[in-house]
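Novice: If you want the building blocks of each chain, they are given just below.
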Amino acid sequence: MTLAQLPALQVILPLIAAPLCLLLRSGRLAWLLSILVSATALIIAVLLLRLVLENGTVIYTYGGWAAPWGIEYRVDIANAFVLAIVTSISTVVLLFSRVGASWEIKSSEQSLFYTAYLLCLTGLLGMTVTGDAFNLFVFLEISSLSSYVLIAMGPDRRGLTAAYQYLIMGTIGATFILIAVGLLYMVTGTLNMADLANLLPALEQSRTVRVAFAFLTVGIGLKLAMFPLHLWLPNAYAYAPHVVSAFLAATATKVAVYVLVRFIYDVFGSSFAFDSMPLQSILVVLGAAAVLSGSTVAIFQHNIKRMLGYSSVAQIGYMILGISLASVSGLTATLVHLLNHALMKGGLFLALACMAFQLGGTRLVDLAGAGRRMPWTSAAFVVGGLSLIGVPLTAGFVSKWLLVVAVLEAGWWPVLIVIAVGSLLAVAYIWRVIEMIYFRSATNPDEHSEETHWSLLAPVWLLIVANVYFGLHTQWSVGVAQRAAQMLFGGPG
Amino acid sequence: MSSLPPGLILILGGLVLPVLPRSVQAKGALVLPVLGLLQLLFLSEGMSVDVEIAGYSLLPVRVDKLSLVFGYIFYIAAFLAALYALHVRDTTQHVAAMMYVGSAIGAVFAGDLITLFVYWEITALTSVFLIWANRSERAYRAGLRYLVIQIGSGVLLLSGILFYFHESGSLLFTQLIGPGESLVTAGPGVWLIFLAFGIKCAFPLLHNWLQDAYPQATITGAVFLSAFTTKLAVYALARGFPGTEALIGIGVVMTLFPIFFAVIENDLRKVLCYSLNNQLGFMVVGIGIGTELALNGAIAHAFVHILYKALLFMSMGAVLYRTGTIRASELGGLYRSMPWTAAFCIVGAMSISAFPLFSGFVAKSLTMSAVIEGYYVLTFIGLLVASAGVMEHSGIKIPYFAFFGRDSGIRCREAPIHMCLAMGIAAVLCIGIGCFPDLLYALLPYPVDYEPYADFGHSLTQFQLLLFAALAFAVLLRMGLYPPEQNAINLDTDWFYRRLAPNVIHSITNNLANVTDRLTATTRLAGRTLMRSVIRHYGPEGTLARTWPTGSMVLWIAVLLAASLVLYFV
Amino acid sequence: MKDIPVLRVVTKITIPIILLFAMYVQFHGDYGPGGGFQAGVIFAAAFILYGLVFGTSAVRQVVSPGILRLLTALGLLLFAGVGILTMLLGGDYLDYNTLGQDPLHGQHLGIFLVELGVGITVAAVMIIFFLAFAGRRD
Amino acid sequence: MIFRLLLALCILLVVLELVVHRHSTFPWEGWLGFYAVWGFISLFGVVIIGKQLRRFIKRREDYYDE
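Residue numbers (this note's numbering), protein chains in the order written: chain A, 1 to 493; chain B, 1 to 570; chain C, 1 to 138; chain D, 1 to 66.
Check each hint, because a few of them may be wrong.
[Unchecked claim] As a list, the in silico SDA-like pairs of lysine to any residue whose alpha-carbon atoms are at most 20 Å apart:
#, chain 1, residue 1, chain 2, residue 2
1, D, Lys58, B, Arg498
2, D, Lys58, B, Ala474
3, D, Lys51, D, Glu61
4, D, Lys58, B, Ala488
5, C, Lys12, C, Ala45
6, C, Lys2, C, Gly55
7, A, Lys106, C, Ala132
8, D, Lys51, B, Leu481
9, D, Lys51, B, Gly480
10, D, Lys51, B, Ala474
Hints are computed from structural coordinates only; laboratory data are not their basis.
Next up, chain A with everything else stripped away, as it sits in the complex (with noise of 0.2 Å):
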């Protein structure tokens, strides 16, 4: 086996993976075969972004049928670039699973948590990895229905109702973009993605495209929890194990991101999507509403856990604006946001979670005196916290940075404002927090120390280092991400 075959590696990998999980039965076995794949995985993943970096585009045809017949997996930066993320975050939250899950997952059951983890993994790389459209739905459902279970697998009896919901409005979500692709499929008779990039642009007129757009865009929007289409998110991350919100915040929603990325700029092309379609007022605003409902939601939530789900909200609501100005340079500031905000969401949710083991809880009050408990955790908190509002120093203020510079060029002013209105919010809820943890004193008296294991801090630490490291090191993200959005503007790959 070869370098041309690390496209399939990628997926495969976990996908066989996954049922040996099932057949292991135990559950130590079973995090170990997990975390092997997907530290191989991760190394897959930079192996395919070093090639294609170097190289440009790589292809790769299933059982040699070429495209457009064939299935293809085609890797470019922009998507190698969310294979990075996506296997390193898996990485990284596996890392913590060992000691982690088992607090929440019966010992019975947690063969079959690292299954659906594993498939979940499979269905988010398979979905970024794949150039045709109808294999894109499939890891979209693979992906779907392993998060489903995954959420409802806690020991929180509200993660049922969560995941039910999940589920009714992850399956419209995926409907809808099996019509599209339908829809798509009967007018140009291809799936292929960079097949249909091609024929798109002679039908722009015809209705039935324009249809196919709204469905995908309502669509992909379900799943990235667009607002108003976010309302699933917010329980589905508080009633969900720690470990599967953190993976899933820090993945799902970005790989959904990139999805919309991939068909807004890439196969409808931005000239159809900006120029005769109105999707740039439509985003403009429901990104805004979403920064701003989201970060206000955020302040009031007594619960920690649902205040990321909603932050997570009005943080997709950034990406959204980046996309909307149509330029690279805006999407630039999404791809980094995309990675950084994976970084710090990561972070703050397995932080999150260490606390919750050893204080009883995620509710807001729980944290009471955290900062004399657990002083490196309560710090990686605030670490992750301050790259959440975009303090300078972290990747959070990368990422506005570049969101910033993109909407001045455009000279949207009332963006702007947005921007920093969302920002301040943004400090109210995490300053709600680090006031708990550092200004109020416990309501249990025995202040002793409860400092969470070391081999649960090194992975919290693991990202909280690369938020400040990606803060001051932006060579390498800004500068893959915006080749990538050079690539998806059509310049050269």
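Since chain A is already given, all that's left is putting chains B, C and D on it; use the hints.
Specialist: Frame of chain A, contents of chains B, C and D only:
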């Protein structure tokens, strides 16, 4: 070693401090400024480090004479303050202080606006812990107000930078207003940056965070605070806005209004804060005039001011440390118990009042000569009044009410030895610079051909001004006209956000309610409707936060799909 | 429902036929209409019918949930394993040509194995679904 | 005692002005005893104005704590 950005030693060192045992931390904090100063000596002028980040070329380190002089004095002040804080066993304070100083020094050597902004915010974030370290509810609230204002200054700075970058395409931190331009014609970016600097420099009406927060800081924290934040702003103004006419007027007002507040203030550390504000005014005037002589004056003033203001804060801190109070109405006659502290305090007082042979004189004379040279008559008269005011509150009031005056009956021990040592070094520096001004002049960015003692007449008139002011003080005391010290607080601009704003909201609701009894219930409701509606929509059980029934979620999808279909077809 | 003799008898007669038909759809899939997916569903339908008439515990006696779980995994592994095998043999993933000495044989074998994997998994999953939903009342 | 000493010192300073040559830019600056008078008036004025200011801005110490 020389490629390390200045200030980083303190920031990183500060982060390492918590690892050390508690008893060693204070000593560690003492060593760090020495190391930093050594590094600074190795830096050569004109050196710069530039980096390219995300397509913007940045200049995180730029060394020139202006940066260096601030670098030196910041390190000296950090050393003195750390020596003064040798008894403190509080990790938070040591870490915060070191990182605060480090970032202030980093900011002074920042060659581009982004780097400046980063350090600017770190100084705010770290310094607030010196206030919170007092661990009282009052300190917490004051710290929070301080933090909000400081962060606000940072946010203004960042927005200003964005606009400025958009207008000029440059991120370099140099003079932001061209020689021929004025603030009026400058773009919004320059305005915002000016405002951000102004907040940190405690411009009139933007000043109150200083008097609000510093007196709430810990004893040692106040010494640190007095030295860096505002002087960083002075540096920034000297770099970005030299010769901006508006600054002269702002500066004169700044020198004048705090002296009236200082007369009636009871908290002696707060008196020092008003005095600090007044001294900043002299520097701002110098920057506003913008000639080489004037800029030299402003910078020299900043240099010596850091020393004597730290000395005064240290002496008042020692009083607070030993007696537990800093209210003028409860103090007096302490020279018996704390003779050394009293002596050091008098040296500081004479320096700040600019007695000849003390450091204030050799610095202030530069600015005053520049004012005369430029023929700014009103400014000159204003500054003379302000000089008499300085004599009143810092020169006489502080030492008089703490150490002399009515005997309070308090008997305590002399300040600890390390405090005395820190004050002693500062006092020696004050006198040394006063006697040998060339040591200071050699550090200034522009060549100095000014000799403060060449014209004896100048010294004489200064003596006259100060001693007759002292005479007036004595006369006022004898006539019983001097306002007695009282346990009270005096309102300042913080009233607007601490009292007026909450009251207005309150009274609107209540007054409306009183209009008619019948409408009472409904008007109260109306007053609270805004908050209620926010809660209703955004609160924990609000419309936007509620767990929606699946059916209505689906309805939303249908609505959105229909809307986008319609939009796409139109 | 097992008290009704007609149902009982008819069920016992039809189940072998259903299974046989499932086999036909499975193995004839590469020539005529059919394939693993359809065959798996038909195969499971036999079990579901059996369960409807004789109760889910009767089905559990025939195939234990453990075995079903194993079969689910095995089917998927068979499918994926074929793909890996073709990769090891030097082709792309699921490039059946590499399996036999000539492409025709290769394609035949490849499709056969892959469809078998699909059939096993689909049948097992269908039965698991049925047991999961119908078994709630027992 | 101290007051008389201060008074004497002040008178001495004004007398000295007759002997010492003094450079002045503004004409009024050169008047005999200008700085002395100005210093006296300034401080006097500052204290008196400050005292009046108290009428408007003095509040109880716990004003903000309610």
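Novice: Quick one, are Lys51/D and Glu61/D close enough, alpha carbons at most 20 Å?
Specialist: holds, 18 Å
Novice: Are the Cα atoms of Lys51/D and Ala474/B separated by 20 Å or less?
Specialist: holds, 16 Å
Novice: Mind checking the alpha carbons of Lys58/D and Ala488/B for me, to see if they're no more than 20 Å apart?
Specialist: holds, 6 Å
Novice: Check whether the Cα positions of Lys58/D and Arg498/B lie no farther apart than 20 Å.
Specialist: holds, 15 Å
Novice: Decide if the proposed pair is consistent with the structure: Lys51/D and Leu481/B, CA atoms, cutoff 20 Å inclusive.
Specialist: holds, 9 Å
Novice: With a cut-off of 20 Å on the C-alpha distance, tell me whether Lys51/D and Gly480/B pass.
Specialist: Within the cut-off at roughly 12 Å; holds.
Novice: Does the alpha-carbon distance linking Lys58/D and Ala474/B stay inside the 20 Å limit?
Specialist: violated, 24 Å
Novice: Are the Cα positions of Lys2/C and Gly55/C separated by 20 Å at most?
Specialist: holds, 8 Å
Novice: Are the Cα positions of Lys106/A and Ala132/C separated by 20 Å at most?
Specialist: Holds: Lys106/A and Ala132/C sit about 19 Å apart, inside 20 Å.
Novice: Hinted pair, alpha-carbon criterion (20 Å max): Lys12/C, Ala45/C. Please report holds or violated.
Specialist: This hinted pair holds, its Cα atoms lying about 13 Å apart.
Hint check: a violation occurs at hint 2 only; the rest are consistent with the structure.
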